[in-house]
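Generate the whole structure from the sequences, applying the supplied hints.
Protein chains: 2
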Amino acid sequence: MTELRIAIVGFGKIARDQHLGAIAAVPGATLTAIASRNASLPGLPHFATIEELLEKGPPIDAVSLCTPPQVRRAQAAAALAAGKHVMLEKPPGTGVAELDPLVAMAVEAKRTLFATWHSRHAPAVEPARRWLLERRIRSVHIDWKEDVRVWHPGQGWIWEPGGLGVFDPGINALSILTRILPKPVFVTAAELAFPANCQAPIAASLTLTDIEGLPVTAEFDFRQTGPQSWNILVETDRGRLTLSGGGRRMAIDGNTFAEAPDEEYRELYRRFVELTATGTSDVDLAPLRLVADAFLLGKRTIVEPFVD
Amino acid sequence: MTELRIAIVGFGKIARDQHLGAIAAVPGATLTAIASRNASLPGLPHFATIEELLEKGPPIDAVSLCTPPQVRRAQAAAALAAGKHVMLEKPPGTGVAELDPLVAMAVEAKRTLFATWHSRHAPAVEPARRWLLERRIRSVHIDWKEDVRVWHPGQGWIWEPGGLGVFDPGINALSILTRILPKPVFVTAAELAFPANCQAPIAASLTLTDIEGLPVTAEFDFRQTGPQSWNILVETDRGRLTLSGGGRRMAIDGNTFAEAPDEEYRELYRRFVELTATGTSDVDLAPLRLVADAFLLGKRTIVEPFVD
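First to last, the sequence lines map onto chains A and B. For the first sequence, this note's numbering assigns the number 106 to the initial residue and increments by one for each residue that follows. For the second sequence, this note's numbering assigns the number 106 to the initial residue and increments by one for each residue that follows.
There could be a bad hint or two in this list.
A pair holds if it fits inside one copy or across any two, identical chains being indistinguishable in the list.
Unchecked claim - DSSO-like cross-link-like pairs, simulated, lysine-lysine; straight-line CA separation at most 27 angstroms:
id : residue 1 : residue 2
1  : K288      : K215
2  : K118      : K215
3  : K404      : K215
4  : K118      : K404
5  : K288      : K118
In case anyone wonders, no lab produced these hints; they're calculated from the structure.
Here it is, written out as structure tokens:
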């Protein structure tokens, strides 16, 4: 098996916490270089920008973009133009429409564009999807509440236009929801709470449904201190499914059914290696589309300023 | 030719100003009934709601939904479920994702779902598109500025969540833009001015581009008194194209080239009659997707309250 030589672009918290270890653990993937304004790793070629990496760096086959969403599109276009496969952290863009031309470029160049949704690879998501296939779903409720100060320290981009605010974690829940439900859902109402000094919401309530009127609600909150919640509850004709821990645990009527260690990012890189073998792209925009719709039709309220 | 028996649902300003005359003028289309909470027309069967129309009304083949966007999806689903063809005023929904299940329903039922963009049928739009096909486009600028008090008197829904505010006319410009440009565009930055007492913007500035970096800017403003502007300027390697009057006039370097009377809504109904003959759907979400992206990644500013 030829090794897929990968450069990480944007060496912040998510790259260090997840990507580094995942690449090291996945057969067929090798970390070859890093492009980052001010972070590097001993022993690895380092470049300040993706342009410098592509121009002067060692031979690479792929880039994994771990930069904030606001700059990722231009980086993806540059990498595809240079003949590289591209893996995108979530969300895949600051807007939905910017992805189409990238997909067209990737198809044209026979290179992989992989828009990742790491939470879909949480261990209980597939078991949950299969369990739900054989049931009649009555309602869904999502609680996705975390302390932004703990999980996103100093990530100012999250509050800028295009940074998504509480939808940065919330989109993980939506990526699971759109995977486990048998029919597509859409947003019918939303309430978005913007801190007076921020361009992205700190909390959001969504109402969604599908063509059959399934009631789906979601509560996202970035102000959760104490216990954190990353839960999806699904009521069915034969029992209640609880997905907790961001998709790591599954319980039926309170009895734990599946629990496994987190291999989300390893799964992403396994899939990336697989996709690049044939230059196939995998871009599902459904979760980002739901967020765009929530912004489009949501009611905005202004809440107290947020100070990191 | 069998007549297409159409019921208008929502008998407000746009239905009276445009739909009524267009249906009367188009061969093969007949207005058969009206469903509207509080408006009717002498001599035509009238019903308070679409449910009442579908249950107790005269035989119809199609509905034309002229209601505000916030209630249109449920009405479209009800009409399709009853085996009727559906024509949607613009915008086609309050969100982008709600359209997919409707399209699936229409395809399944072999009925037409027609998401209309009336401005695309303005007389100079096709000539402009053809003229641009043979040129290299250097930049595009849109000015779409009108007095909301003149054009949308008492339309409170426009300021509610899902009402789009200044994007209600602005999306007309985007529907032309996405028709005349050879490559898809996407929003890279936006500034949205929300009146302190409204849930939709009264003005917006957009920056868009395509995969090749074409500079596109748009200025939408609902506060324009005096002369009104519905103009698109396109600079090319061989002259400047001006589309004015909302797509009614086309000029090259200032010389008027095409000018024709407005038949936008007649064209819509001609097309609707044509589509229903084979039960084909026509739903292009590109303009609404650009608006959703502008809300998603736009910077919000608060401006003085708007009083109608």
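How the hints compare with the structure:
For the identical chains of this complex, K288 and K215 are inter-copy neighbours only, at 20 angstroms across copies versus 31 angstroms inside a copy, given an alpha-carbon limit of 27 angstroms. Proximity of K118 to K215 under the C-alpha cut-off of 27 angstroms is found in neither arrangement, the shortest distances being 31 angstroms within a copy and 51 angstroms between copies. In this assembly of identical chains, K404 and K215 lie within 27 angstroms of each other by CA distance neither inside one copy nor across copies; the values are 42 angstroms within and 36 angstroms between. Taking the shortest alpha-carbon separations for K118 and K404, only the inter-copy value of 26 angstroms comes in at or below 27 angstroms, while the best intra-copy value is 32 angstroms.
In this assembly of identical chains, the alpha carbons of K288 and K118 never lie at most 27 angstroms apart, being 35 angstroms within a copy and 36 angstroms across copies at closest.
Consistency with the previously given hints fails for numbers 2, 3, 5, ordered from lowest to highest.
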